[in-house]
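Let chain A serve as the given structure and place chain B on it in line with the hints.
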Amino acid sequence: MMAVHETQGEEEFADEPTEGGVDEVEARVGLAYTLKQVKRDSTARMGFYIIAFITAIAAFVSIDYYLLDYAMAKAIPFLHHPERDPEVINTLLPPVGMENGLGSGTWEHPLGTDHRGRDILTRLIYGTRIAMTVGFMATAIGLVGGTLVGAVSGYYGGWVDDVLQRITDTIYAIPFLVLVIAFMSAFGRDISYAMVGVGIASIPVFNRLIRSRVVSIREEEYIEAAKAAGVKDRNIILRHVIPNSFAPVLVQATLQVGVSILIVAGLSFLGFGAQPPTPSWGQMLAASRNYMLPAPTFSIWPGIAILVTVVAFNLLGDGLQDALDPRINN
Amino acid sequence: MGLLRYTVWRCLQAIPVLVGILTITFFLTNAIPGDPVSIMLGPTPSAEMVEQIQARYGLDRPLHERYFSYLAGVAQGDLGHSIYYDVPVLTKIIERLPVTAYLVFSAFGFALLTAIPLGVISAKRRNEPVDHVSRIVALIGVSTPSFWIGLLLIIVFSFQLGLLPATGLFLPWADPANVRGAATQFDVVVESFKRLLMPMVALGTLQMASITRIERSSMVDSLQNEYVKLARAYGVDERGVIWKHAFKPAQLPVITIVGLGLSTALGGAVLIETVFEINGMGRLIIQAINNQDYPLVMGTTFMLGALYLVGVIITDISYAYIDPRVSYGEK
Numbered sequence: 001m002m003a004v005h006e007t008q009g010e011e012e013f014a015d016e017p018t019e020g021g022v023d024e025v026e027a028r029v030g031l032a033y034t035l036k037q038v039k040r041d042s043t044a045r046m047g048f049y050i051i052a053f054i055t056a057i058a059a060f061v062s063i064d065y066y067l068l069d070y071a072m073a074k075a076i077p078f079l080h081h082p083e084r085d086p087e088v089i090n091t092l093l094p095p096v097g098m099e100n101g102l103g104s105g106t107w108e109h110p111l112g113t114d115h116r117g118r119d120i121l122t123r124l125i126y127g128t129r130i131a132m133t134v135g136f137m138a139t140a141i142g143l144v145g146g147t148l149v150g151a152v153s154g155y156y157g158g159w160v161d162d163v164l165q166r167i168t169d170t171i172y173a174i175p176f177l178v179l180v181i182a183f184m185s186a187f188g189r190d191i192s193y194a195m196v197g198v199g200i201a202s203i204p205v206f207n208r209l210i211r212s213r214v215v216s217i218r219e220e221e222y223i224e225a226a227k228a229a230g231v232k233d234r235n236i237i238l239r240h241v242i243p244n245s246f247a248p249v250l251v252q253a254t255l256q257v258g259v260s261i262l263i264v265a266g267l268s269f270l271g272f273g274a275q276p277p278t279p280s281w282g283q284m285l286a287a288s289r290n291y292m293l294p295a296p297t298f299s300i301w302p303g304i305a306i307l308v309t310v311v312a313f314n315l316l317g318d319g320l321q322d323a324l325d326p327r328i329n330n
Numbered sequence: 001m002g003l004l005r006y007t008v009w010r011c012l013q014a015i016p017v018l019v020g021i022l023t024i025t026f027f028l029t030n031a032i033p034g035d036p037v038s039i040m041l042g043p044t045p046s047a048e049m050v051e052q053i054q055a056r057y058g059l060d061r062p063l064h065e066r067y068f069s070y071l072a073g074v075a076q077g078d079l080g081h082s083i084y085y086d087v088p089v090l091t092k093i094i095e096r097l098p099v100t101a102y103l104v105f106s107a108f109g110f111a112l113l114t115a116i117p118l119g120v121i122s123a124k125r126r127n128e129p130v131d132h133v134s135r136i137v138a139l140i141g142v143s144t145p146s147f148w149i150g151l152l153l154i155i156v157f158s159f160q161l162g163l164l165p166a167t168g169l170f171l172p173w174a175d176p177a178n179v180r181g182a183a184t185q186f187d188v189v190v191e192s193f194k195r196l197l198m199p200m201v202a203l204g205t206l207q208m209a210s211i212t213r214i215e216r217s218s219m220v221d222s223l224q225n226e227y228v229k230l231a232r233a234y235g236v237d238e239r240g241v242i243w244k245h246a247f248k249p250a251q252l253p254v255i256t257i258v259g260l261g262l263s264t265a266l267g268g269a270v271l272i273e274t275v276f277e278i279n280g281m282g283r284l285i286i287q288a289i290n291n292q293d294y295p296l297v298m299g300t301t302f303m304l305g306a307l308y309l310v311g312v313i314i315t316d317i318s319y320a321y322i323d324p325r326v327s328y329g330e331k
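Residue numbers (full-length UniProt numbering), protein chains in the order written: chain A, 1 to 330; chain B, 1 to 331.
Isolated chain A (complex conformation) (with noise of 0.2 Å):
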């Protein structure tokens, strides 16, 4: 009963490891601990800042649209209604201080206007909510599925091990993209489906990080007498071996909601992901790409955004992954 007693306890440290008398080198799997390095890290604390920023953009934004029905896109005095077109149409404005063919930028609306006269500012504000939701919530698939698939492969081996390999191997080949195009062309093109698509083809990804983590944990002293002392499989692999795994998993969780956002930006721009007229970056390019010529900045601002965005998330997963990892720290 001692293993499981340790068991529990592990499992509660990973979350909060700020008891004293900890050895130091199970203290790196810990989340405070992790938080602790990025804090030191200045590149990582950038990006942290910039996502947090983003996230409570998007959150505000996603209030907005589910809850409020844009209300207060109408009430803050430099937003506009991000989906219907405006009453008095300037299409294709530039950006204020500048000026096209069609007429010269305004502070009403400081980026400029879209093809159908509404405020590209108002709109790329409100394309967070598609691009975060859709980045963490695949992310969140392919963690998920990636670790139990992983997990379970490399803890049983064998004949588990080998279909479950051959099947995400064949995940894995086809190009991600094309993957989930031909899984959207199946079941819709809608953006919750895009986001399974995202999350289902990012399985492979986690689960040979996990895999490679469970099989050489699987050794480990502490798991054979774990299983002496008679604790069940399904509870070595969650209180032992995920937790163990948690450094190398974060870092790669990081970085791929970052290709998810691009995965998901590419599909709405190739028509597949977040319909008209709802605000998404990719469909926005999309839109611009028509109008390149008399309103070059229309296809300069989404791609921006992307831009910043999924810069933010690899510099938290570089800083993460210097952080934990023991080689630069000691």
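I should point out that these hints are in silico values taken from the structure, not numbers from a laboratory. The structure displayed is predicted, hence computed values, not measured ones. Backbone N, C-alpha and C fix where the C-beta goes; we use that ideal spot for every residue, glycine too. Among these hints, one or two may not hold up.
A few chain A residues facing chain B, derived, Cβ under 10 Å [what the hints assert, rightly or not]:
| hint | residue |
| --- | --- |
| 1 | A173 |
| 2 | I181 |
| 3 | F272 |
Below, chain B alone, put in the same frame as chain A:
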């Protein structure tokens, strides 16, 4: 196990994955809502014609029967018949594949030629200004949507400066008679290269950035090896240390990234071919989906998967070739 046997072994290992790809694409495409027959015959077809068409494409048979006959067909090199174009799927793929291959290979050429020097210099001058610049370039490169780079290039080089044509791509050995404004083969080569530049850069930037990152970190590790220190101690000049001693062993992770990057690049080709209106495999797949031409969807998806597997096998073999420690898959 010799290199040849290893190669054969890796090819055999790919077969279950190929069957898996066929299975996934078959069941996904057969779940596509909408009926290809109604697309071909319009909204009010006669029952007789519907039956005729269904019999022709085997749509009247049960799903599992169609699945096994499809697998048997593919094993014999028959990828089915395109409903929309009314030609064998393989014919359509052979028509579209060379342009995509031209684009993807050029993108990797561009990526390797820029990334390797950048990564090596970055590793050599670690934490100096040139290293910071190259790391920022690489960070932005992995974070930028390729199709957006394509749009920006078109805006600047086609619409603002008028230097390069915005759309279309053909092979350098295309017949001059089919290329507008080209008199000789040389004109075709020049025009083909001009059309290649922008899509190549747009598609290659992500690869360039990820290769630069891995090249840098791998070279940093390699330069800390004992034998590198020893070479320095023996008075080998810095250039010799880097290129003769540190470079080659550092290329193994780079090869892995290139192999994995092939999958991303083939997916990216779908976007880049859409942006530049290039009639390659990527655009074919989108058109096939929009036309609900599912034999063609299955065929193109399978082909892209197969291409990636070929890339992975080449990667594994070159890995084994470069690194004598790889035991050709023996346990």
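Structure-based check of all given hints:
no., hint, verdict
1, A173, "5 Å, holds"
2, I181, "6 Å, holds"
3, F272, "9 Å, holds"
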